[in-house]
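J.: Residue numbers (this note's numbering), protein chains in the order written: chain A, 21 to 114; chain B, 21 to 114; chain C, 21 to 114; chain D, 21 to 114; chain E, 21 to 114.
I should point out that these hints are in silico values taken from the structure, not numbers from a laboratory.
Heads up, some of the hints might be wrong.
Okay, the calculated bits of chain B under chain C, using three or more residues with CB under 8 Å as the criterion [unchecked claim]:
(1) 24-30
(2) 35-43
(3) 73-87
(4) 98-104
Keep in mind it's a predicted model, so treat the numbers as computed, not measured.
The beta-carbon is built from N, C-alpha and C at its ideal position, and this holds for glycine as well.
The residues making up each chain are set out below.
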Amino acid sequence: MHLARVIGSVVATDKDERLVGVKLLVIQPINSRGEDKGSPIVAADSIGAGYGETIFYARSREGAMPLPQPNACVDAGIIGIIDSIHVPITDEGG
Amino acid sequence: MHLARVIGSVVATDKDERLVGVKLLVIQPINSRGEDKGSPIVAADSIGAGYGETIFYARSREGAMPLPQPNACVDAGIIGIIDSIHVPITDEGG
Amino acid sequence: MHLARVIGSVVATDKDERLVGVKLLVIQPINSRGEDKGSPIVAADSIGAGYGETIFYARSREGAMPLPQPNACVDAGIIGIIDSIHVPITDEGG
Amino acid sequence: MHLARVIGSVVATDKDERLVGVKLLVIQPINSRGEDKGSPIVAADSIGAGYGETIFYARSREGAMPLPQPNACVDAGIIGIIDSIHVPITDEGG
Amino acid sequence: MHLARVIGSVVATDKDERLVGVKLLVIQPINSRGEDKGSPIVAADSIGAGYGETIFYARSREGAMPLPQPNACVDAGIIGIIDSIHVPITDEGG
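Working from the sequences, and respecting the hints, build out all of it.
T.: Set out below in structure tokens:
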């Protein structure tokens, strides 16, 4: 899964009918230090993520699984809201 | 899903028979500020997107789902036309 | 789907048996102006593409669908031969 | 599969229910010389990997297969812990 | 499919049980001129590829298909050993 921060939302009137009622957020992929990487993407949200929260999302078919309609044509979905990331000073510990 | 802008269309006479009747558009992936990123791709369209419109598309199997023939050999499909993107000035708000 | 130009072919004697009889072409991904991008890949061809032709191909499972044996272990397949790409001078028209 | 080193872990209270009980690690993709490449990702672990260990992981559906619940919405999973990588000085040897 | 050269192998004692008995090679992706591109990956091999050989591999589910156990959690597999690549001087011929 991939780390990202919620930075906005999308309004789309004309869309596939399986997306009706699905909350669509704009998320900015980040690295483990919270720095932006790459371009924002549009992800479905059924977890209840809010602006500014750090989340992790799944791509492809896995991204649609948390939705009420898991066979929606969604290829990125928010899977969880991150409370904290633990990265030790040394990564050789164990 | 990914943001893109419709920039053209494709004519292909010799193609897989499951693509007959499928509208094929050339779309330019963009970031949330509308700036181009990467190279254009060819996407199937069943939503009715037009030149210059901002859309979002799904990749892989999900991209073919909106088509009349969902098992077409399509790996990118337009899923919705974007009316507006809301990105607050600060992404720490709630 | 992705744009590419056919630049060569591959001979492979030792291969998965489901690839016997499958034509394997080397294709160079391009952008909508016909300029190379990234590295060439090996794609299966059942459409009859020839050297120098511009084609579009699908990735993953979708790439194997046009083959006589659609469950072949192929992750890129030529889907159509492009006659022309229409990209207006301004992409705001419509 | 892809090489990575375990660099941390993630705590997420609000998440898809199929992720309850799944250990989520932060892993840093590396090349064959152990050097970092790209950004860390979040991967499920059912092998028992520890901080600092070199592992290989699978993406997409394959990443969820080792989990007790293989249909979890997981798109990256640790598949094995690497004891050693053998790369000869010359790669032309046989 | 993608071109690569076999550059090494991996020993992993702790791994998903479906990988027991599967030969795991380290392969370096290359372009059509044999030059390295990107970072090495770990691929399953059931074709019998050896050090220094040029191969092509499939990603995702397609990569596991040649294995005795096709539902192994493998996302990259060697599909064929390349005898020769034919790339004409001009790619407009044909």
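J.: Take the hints in turn and mark each one as holding or not.
T.: Verification of the supplied hints:
1. 24-30: The restraint on the stretch 24-30 of chain B holds, since 6 of its residues have a Cβ under 8 Å from chain C and three suffice.
2. 35-43: Result for this restraint: holds, n = 4.
3. 73-87: holds (count 4)
4. 98-104: With 0 residues close enough to chain C, the hint is violated.
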